[in-house]
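Spelled out from the first residue to the last, the chains are:
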Amino acid sequence: MLLHIKYMVSLRCILMVQETLNNLGIAYSDLELGRVEITDDLPKEQYDQLKLNLSKMKLELLDDTRHILIEKVKIIIIEMIHHSDKLPIINFSAYISEKLNIDYAYISNTFSEVKGITIQQYIINHKIELAKELLIYDELSIKEIAYKLNYSSVAHLSNQFKKVTGFTPKEFKQFRRNRRTAHENL
Amino acid sequence: MILYIKYMVSLRCRTMVKTELKELDLQYTAVDVGSIEMPKVINQKKLAELEESLVKSGFELLDQKNTILLDKLIKLIYDIVYSPNEMPEKDYQNYLSEKMGMDIKALTTLFTEVKCMTIKQFIHIYKMERVKEFLLYDEITIKEIVVKLNFKSVAMLTADFKKVTGLSLSFFRQLKKKRAILPAL
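As given, the protein sequences belong to chains A and B, one line each in that order.
Residues 253 to 438 in the numbering used here are what the first sequence spells out, letter by letter.
Residues 3 to 187 in the numbering used here are what the second sequence spells out, letter by letter.
Careful, some of the hints might be misleading.
[Stated by the list, open to error] Derived pair list, reagent style DMTMM-like, types lysine to aspartate or glutamate, alpha-carbon separation capped at 20 Å:
#1 B:Lys-24 with A:Glu-284
#2 B:Lys-20 with A:Asp-282
#3 B:Lys-42 with A:Asp-315
By construction, these hints were calculated from the structure, which means they are not laboratory data.
These numbers come from a predicted model, not from an experiment.
For reference, chain B alone in the conformation it holds in the complex:
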């Protein structure tokens, strides 16, 4: 079960949320910016307790309607980045609006209040994760990655990758080699 929370901006917020979960004796598997993942569904009473405790710390639990919307949006983004085909369009806004059946702009505030970054930036970070995976797992050239993920050029990809990870593409290529020679036990 996943819960979304507004205004969880920093490390300190994550620590606060974790403490609250522990105090309420709720199990979690991950606490990320704006979300908690739980191994099982919790009952209404517990949920109300959690909500009350979050509000006291200045956070806000998303209601069911918004949770469903946001979940759908994030899954869509995941799907376009991880699709085996090329990314659908350069203009992600139109594409996402169409798939969601509503204007994506109406979801911008909701999204940013939960994830603390723009939708565009979020897609960008996912794309970088995808690049890492291409480099580690797939036999694919840099040029093919550029086409698949809709980068303007190899130079753009290299520069963007460096901005997000601080590392070069070749560092990951080397990592792949190092992993390959890992002795099996």
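This is chain A alone, in the form it adopts within the complex:
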């Protein structure tokens, strides 16, 4: 059972939620900003108790509609980036709001309030994750990766890559070499 928590936007919030869950004896399997996966379905009583304890810490358990909205946005973004051959050319905001048929301002505001980052930044982070993966596979050149991920130039990709990881793509490629050697040693 998946729960979404609004205003859970920082590391301290994660620790607080962790403690709350432990105190109530609720088993969970996955905890990240704005979201926790509970192992078993919660009985109504326990759910209400959790909701109450969270609200004391100024955190809000999301109701169904907004909770589903966030999940949908994430799925659209992940599919768009990780499971398609080429990213859509039109801008993301238009793409997402068209897919969901909801006003983008509403989607974007809800997302930022739950995740603590903007949709735009979330997309950049995912694009860079994919870039990392592609660099490690070493099948595409950096130029091809830039094209695949819709960057206007290699410089643009490198720039964003460095902002997120602290490396240039070229430096990152070095890991693949380390990794290969590690495997040959087996």
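Chain A is already provided as a structure; the job is to place chain B on it using the hints.
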């Protein structure tokens, strides 16, 4: 119990690791880039099984010595960012080397192979988390944050924050207000 894993670069890697954990029937509480958190300590046999399965997928489990080193380093970083005092020095490398009792440069490769980012970037991201918390929980001015976390200027802090979260500082200020009026049940 926390385990560190090398070369876990992306979302797909995290999904792969989660699948492997489920197949081995191992419970976890979080899977992050380069690490797995488990609610209890697992025995040697299970650990060996996990290691074998990770290697097959192209990952590598850190041995005990390196796990201890990395754990210590990450906790140190956490401590300097979350220290109630000002961050120790602008030059984090010297400070960390001194505290670790070894040259931090020797740990750079290990760190980056696990966390997939530079130590500097990692500290930077932690600092941004800290900024969020200051804005949400504490009565503190932006100027004080700048001093505490060793930013060059207010402008630098604002720009860096925007780069990492995409949001402005005032968005978080407003969030604090919204949270404050949350009705108690």
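Evaluation of the provided hints:
no.	hint	result
1	B:Lys-24 with A:Glu-284	holds, 18 Å
2	B:Lys-20 with A:Asp-282	holds, 10 Å
3	B:Lys-42 with A:Asp-315	violated, 32 Å
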